[in-house]
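Chemist: Listed below are the residues making up each chain.
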Amino acid sequence: GNSVTQMEGPVTLSEEAFLTINCTYTATGYPSLFWYVQYPGEGLQLLLKATKADDKGSNKGFEATYRKETTSFHLEKGSVQVSDSAVYFCALSDSFAAAGNKLTFGGGTRVLVKP
Amino acid sequence: DSGVTQTPKHLITATGQRVTLRCSPRSGDLSVYWYQQSLDQGLQFLIQYYNGEERAKGNILERFSAQQFPDLHSELNLSSLELGDSALYFCASSPSGGIRNTEAFFGQGTRLTVV
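Residue numbers (our numbering), protein chains in the order written: chain A, 1 to 115; chain B, 116 to 230.
Quick caveat, the hints were computed from the structure, so don't treat them as lab data.
Idealized CB from N, CA, C, for every residue including glycine.
One thing to keep in mind: the hints can contain errors.
Listing some non-contacts, in silico: residues in chain B with all C-beta distances to chain A over 12 Å [to be verified]:
no.: 1; residue: R178
no.: 2; residue: L196
no.: 3; residue: T228
no.: 4; residue: V229
Incomplete in silico selection of chain A near chain B, CB under 10 Å [to be verified]:
no.: 5; residue: F34
no.: 6; residue: Y36
no.: 7; residue: Q45
no.: 8; residue: K68
no.: 9; residue: E69
no.: 10; residue: S79
no.: 11; residue: V82
no.: 12; residue: S85
no.: 13; residue: F89
no.: 14; residue: S93
no.: 15; residue: L103
no.: 16; residue: F105
no.: 17; residue: G108
Looking at chain A on its own, in the form it has when it is part of the complex (with noise of 0.2 Å):
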């Protein structure tokens, strides 16, 4: 079945330092991914997606490649904030319908970002 890999936090970073989530995934055919952030008290909140390979999302200064040679969709940013402090989950769509429309996700990753 499908499985997102994704490392533990927690990851404790000061303000403006380079932020990177390693996220890698198992899955037949051709997924979509997607990154959600979860604030506290909050549901989740979609980040980024890239639906084919090679293709790279971005949004609020963070970036993910869909990487298909490495099953990887590494999350990146170049400048942390302190209200970047939330949990970050990486999750793939199947690409077969039949399979069903649901989300696979990854355990989260901590991130704490320190002024």
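Go by the hints and put chain B onto chain A.
Modeler: Below, chain B alone, put in the same frame as chain A:
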């Protein structure tokens, strides 16, 4: 605000009891998804309904059931509750039956505590 409304926000109940969680999707969205977030299992897909019909099923226990009504709101029924059912239950909605190329919008969740 994602536009997805979940009630109640918090629920405390005893083992063996039955509870109903409610979800109102974004206006116009036909699909509703239910997810369970627990410390040991992470974010797990439970079930999806599309325009009133069950579309996909995940690791949903037999003690759990769901339905989507004609006005498109959905309810998740949890019965014979056990301590291990304590978790954050999220509802999400999307415009269509698939989420490869559309965004799933998440509610803020219902935190269920079984004592």
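Chemist: Work down the list of hints and note, for each, if the structure agrees.
Modeler: So, going through the hints one by one against the coordinates:
The beta carbon of B/R178 sits about 20 Å from the closest Cβ of chain A, which is more than 12 Å, so the claim that it is off the interface holds. Taking the minimum C-beta to C-beta distance to chain A, about 23 Å, the non-interface status of B/L196 holds against the 12 Å cut. With 12 Å as the threshold on Cβ separation, the claim that B/T228 sits away from chain A holds: the shortest Cβ distance comes to roughly 16 Å. Distance check for B/V229 against chain A: the nearest CB is about 21 Å away, which clears 12 Å, and the non-interface claim stands.
For the restraint placing A/F34 at the interface with chain B, the shortest Cβ-Cβ distance is roughly 8 Å, inside the 10 Å limit, so the hint holds. Taking 10 Å as the C-beta contact cut-off toward chain B, the hint placing A/Y36 at the interface holds, the least distance being around 8 Å. Contact between A/Q45 and chain B, as hinted, is supported at the beta carbon level, the nearest pair being about 7 Å apart and thus within 10 Å. Taking 10 Å as the C-beta cut-off, the interface hint given for A/K68 is violated, the closest approach to chain B being about 15 Å.
A cut of 10 Å between beta carbons decides the hint on A/E69: the least distance to chain B is about 21 Å, and the hint is violated. The beta carbon of A/S79 is not positioned within 10 Å of any beta carbon in chain B (closest approach about 26 Å), and the interface hint is therefore violated. Taking 10 Å as the C-beta cut-off, the interface hint given for A/V82 is violated, the closest approach to chain B being about 22 Å. Given hint, A/S85 at the interface with chain B, is violated; its Cβ is 18 Å from that chain's nearest Cβ, farther than 10 Å.
The interface hint given for A/F89 is met, as the beta carbon of that residue sits about 7 Å from the closest beta carbon of chain B, less than 10 Å. With its C-beta approaching chain B no nearer than about 5 Å, A/S93 sits inside the 10 Å limit, and its interface hint holds. Nearest Cβ of chain B to the Cβ of A/L103: about 6 Å, under the 10 Å cut. The hint holds. Contact between A/F105 and chain B, as hinted, is supported at the beta carbon level, the nearest pair being about 4 Å apart and thus within 10 Å.
Interface restraint check for A/G108: the shortest CB-CB distance to chain B comes to about 7 Å, inside 10 Å, so the restraint holds.
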